[in-house]
Amino acid sequence: MEADSFAKKTLFHFYSEIRENQNFQLYAFLIAALLAFLTFVLFRILLSKAKTARNILLVGLSDSGKTVLFSHIFAQRYVETVTSMKVNEAEIECNKKCVNLIDLPGYERLRHKFWDDFKNTARGVIFVIDSSLFMSNIRDVAEFLYDVIADPVIHKKRVPILIACNKQDEPKAKTAKVIQNQLEKEINAIRETKTSALSFTDEVNNSDRKIVGDLNKDFQFSDLKLKIEFGDCTAIDKGQREADISCVWKWMSKVV
Amino acid sequence: MLDFFVIFTKSGIVLFTTVNQAFNGVINRLIKHVILEERRERFTCDQLALEYRLDNEWELVFVVGYQKMLSLSYVDKFLDDVQLAFRDKFNVFDLRKYLMMKENVAVNRSNEELLPSYNVVDFFTEYNRIYNKCCKYQQNAPQKEMKTFQQSAKSQKTVASLYQTSQKEVISFEKAKEKLKKEAETLPVVTGSEKQEERSPKPGMNEKLKKLMAKGQSSPKVAKNKEKTKKTKEARQWELGGKSTENLDFSKKETNGETSSSVVKNIAANVVNGDSNMEADVNLELESGESEEEEVAEEVDQKKGTKKSLFGSFIKTFSYNKALEKSDLDPILSQLRDHLIAKNVATEIAVKLCESVGTKLEGQQVNTWLGLKSFVRKALEDSMLRILSPNRNINILREIRAKAYPPYVIVFCGVNGVGKSTNLAKISNWLILNGLKVLVIACDTFRAGAIEQLRTHVTALKAIHEKDGQTKIDLYEKGYGRDSAAIAMEAINYARNTGYNCCLVDTAGRMQDNEPLMKQLAKLIKINEPDLTLFVGEALVGNEAVDQLCKFNTALIDNGCKGTNDNSSAINGIVLTKFDTIDDQVGAAISMTYITGQPIVFVGVGQTYRDLKQLNAKAVVKALMK
Chain V
1 MEADSFAKKT
11 LFHFYSEIRE
21 NQNFQLYAFL
31 IAALLAFLTF
41 VLFRILLSKA
51 KTARNILLVG
61 LSDSGKTVLF
71 SHIFAQRYVE
81 TVTSMKVNEA
91 EIECNKKCVN
101 LIDLPGYERL
111 RHKFWDDFKN
121 TARGVIFVID
131 SSLFMSNIRD
141 VAEFLYDVIA
151 DPVIHKKRVP
161 ILIACNKQDE
171 PKAKTAKVIQ
181 NQLEKEINAI
191 RETKTSALSF
201 TDEVNNSDRK
211 IVGDLNKDFQ
221 FSDLKLKIEF
231 GDCTAIDKGQ
241 READISCVWK
251 WMSKVV
Chain W
1 MLDFFVIFTK
11 SGIVLFTTVN
21 QAFNGVINRL
31 IKHVILEERR
41 ERFTCDQLAL
51 EYRLDNEWEL
61 VFVVGYQKML
71 SLSYVDKFLD
81 DVQLAFRDKF
91 NVFDLRKYLM
101 MKENVAVNRS
111 NEELLPSYNV
121 VDFFTEYNRI
131 YNKCCKYQQN
141 APQKEMKTFQ
151 QSAKSQKTVA
161 SLYQTSQKEV
171 ISFEKAKEKL
181 KKEAETLPVV
191 TGSEKQEERS
201 PKPGMNEKLK
211 KLMAKGQSSP
221 KVAKNKEKTK
231 KTKEARQWEL
241 GGKSTENLDF
251 SKKETNGETS
261 SSVVKNIAAN
271 VVNGDSNMEA
281 DVNLELESGE
291 SEEEEVAEEV
301 DQKKGTKKSL
311 FGSFIKTFSY
321 NKALEKSDLD
331 PILSQLRDHL
341 IAKNVATEIA
351 VKLCESVGTK
361 LEGQQVNTWL
371 GLKSFVRKAL
381 EDSMLRILSP
391 NRNINILREI
401 RAKAYPPYVI
411 VFCGVNGVGK
421 STNLAKISNW
431 LILNGLKVLV
441 IACDTFRAGA
451 IEQLRTHVTA
461 LKAIHEKDGQ
471 TKIDLYEKGY
481 GRDSAAIAME
491 AINYARNTGY
501 NCCLVDTAGR
511 MQDNEPLMKQ
521 LAKLIKINEP
531 DLTLFVGEAL
541 VGNEAVDQLC
551 KFNTALIDNG
561 CKGTNDNSSA
571 INGIVLTKFD
581 TIDDQVGAAI
591 SMTYITGQPI
601 VFVGVGQTYR
611 DLKQLNAKAV
621 VKALMK
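Those protein sequences? They're chains V and W, same order as listed.
Residue 1 is where the first sequence starts when you use UniProt numbering, and the numbers rise one by one after that.
Residue 1 is where the second sequence starts when you use UniProt numbering, and the numbers rise one by one after that.
These are computed hints drawn from the structure, not numbers from a lab.
The structure presented is a predicted model; accordingly, all values stated were derived computationally and were not measured.
One or more of the hints may lead you astray.
Covered stretches of chain W (in silico footprint by chain V; criterion: 3 or more residues with CB under 8 Å from a CB of chain V, positions within the stretch not fixed) [unchecked claim]:
1. 597 to 610
2. 614 to 626
Restricting the straight-line Cα-Cα distance to at most 30 Å, the calculated cross-link-like pairs of lysine-lysine (BS3-like) are [to be verified]:
3. V:K113 / W:K378
4. W:K578 / W:K622
5. W:K373 / V:K86
What follows is a list of derived Cβ distance ranges for each label pair [said to hold, decoys possible]:
6. V:L34 / W:T581: 44 to 52 Å
7. W:R96 / V:I31: 42 to 50 Å
8. W:G435 / V:K172: 32 to 40 Å
9. V:K172 / W:N416: 47 to 55 Å
Just so it is clear, CB atoms sit at the ideal spot from N, CA and C, and this is done for glycine as well.
Assemble the whole structure, with the sequences as input and the hints as a guide.
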């Protein structure tokens, strides 16, 4: 009997030791995992800090002259362009500070994806409009601009926006004043449709709809809490046409 | 013979071009309709045909344009060479550096006045060299000469052979037989086994073959003749004719089969030894052997594959950055393709999508720590998101209100029983809620009860919305059996005069193969020029979606309906119905948008009037990749 109990005791001892050992291993593993996680988080924070709010985004419809403007700001030269599929990115110096200029593709199928990717890092947004074709695609312009100014991220960070009315050299180009008026009217109309638009397939309720401004009043850019400026510019620099992007530089130095 | 050649970056900056004229329009269309929609066919536009090559590592696109009636055999080679030359010249490519280096190019440019002033890089000499080389290559290629009359078959014929009498036919047939026999003796014989004998370079195999032949027949020469004569006879034999005994003589055929299969084994052995060219060269004509050969070949492939992957994965996990190759991508892509098919994406489209994603990834540098698989998945997700995102602004409420001369006309078409009328009712409910006056036009003059169904919907909607006595919705119908195009036209005029904002035209459901009904639909659309032609398709559809949409679209285009502005589709929107019944098998959404390139405007998600939604592309992609 005694021998039996002894055997049991030793067995028990043995088991507990193993269990402790296992526990120890588990702790070690947990600590290691925690450390790894912490370094990962630290790394992420450092990385994101380096990135946040240093970018100036060039957005706008396809064929409004974003890439040409980009090349003009960056290298003061004219390049021939085609529809962009990827972003152009370059570091530029403005007021002795470095900012990242990013030219996002404007084609409808791409723009939302790239906008979602980059909007969190925006220090400022330059919305480029083709002034010569403004009246014919006013609805598209207004729709996209609405998406930009109604974006919760842009609202939360109060990202300043410059609406650059490009292609002022064309004979049919509208000036910034006219464009501002027309846009206000159009956005007013769009806002109405947005409130009653159909909900999305995975949405439970549409309470988080983004509405800009005061619904009881006609829409005006000045009513917004965002800093929105308008400016005329000509990015093209070809033949006799002289490029004029002074308003962009002025705005950028303010933003930086 | 090339009209132009352009190098541009994926970010849209033209680096090099050979012409000074406007080519942007054409290239923009190439980008929008081919490269970004994951299609891979040759792109033609007006008189030009364009071909492109992607350099994924440096994110460049090389495009050549030429007259589409020319068939240039060297374009592929040209693109390859140019790409190589470009890589050689600019060892490490940094766009920003070249953008800043404007002066250098300007100096070079002044010598060649032909070149446009905005070329970013100087590539002209290389381009010229390769182009000239390719042109020579084309000229030196042996051209097929026209046959002279003496060479043609007609000169061999006698005048007598042109008469047709039964006797002569028999005689001439016999003559032909004799001729064939002679030929069989003189010409090198090309039966299945002989062919291999000729082609196979290995002496060991020759011996083996000879041995096998000796076993079956006494000597190879006899075999030649015998087989050949048999062939000429066989051509006229009917399977159940029962006139010749050879049909019943199975022993010979069996031996034949045996020899062939052993030959196959020999070949397979050769393949294993590493002589893989053999596999392509040897073209077995004996069917019994063919399947076996395939099996063996597959096995060999698998063996090779496992060896490679074992070693490869070892390297993969330890390498940091590496350029993707086709062999890396293929297994992952085929896996993803099967996954997509399981999610109810039409097979054809899943294949095309994966192929296209493959070409976009080839050559790209990838950080292997992140995992190749997730990288490819991400690329596929991006492509699908791009396809599902609308290619234009679809704020229909705004469009209706902005129309200068109301009414705004929407035509619904589709196959039977997909829910055209039901979703029409839902959409009219939504429009009424937004303060618009809607006229429903019953153009289904075909199916019994169609008009009654619409009337029920209209009365129900009236009961809901017209409590204040104002008319907000009405039904326009002229009974059954009449021409639907005329009814629609009358109704639209009526709506214009009485101040309706919007007309919804309900057409009869029709199968895509029904020619007269498709013509009728095309007529309706052509005459009334609706602002929006919606194709109603159910989300349950699988492979059938391709056929349905393609045929609808082609039928409409063939019968004279043109799409708005420059897109080539006559249908300019899709209503996806029964979306609530499919859980996460949302493949139909991808199939439909891929075929037409048009957005999904509405999604029907239930039975009540309120069950109408917009598609969330991100959610669909997420469900597809789950």
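Honestly, which of those hints from before does the structure not fit?
-> none
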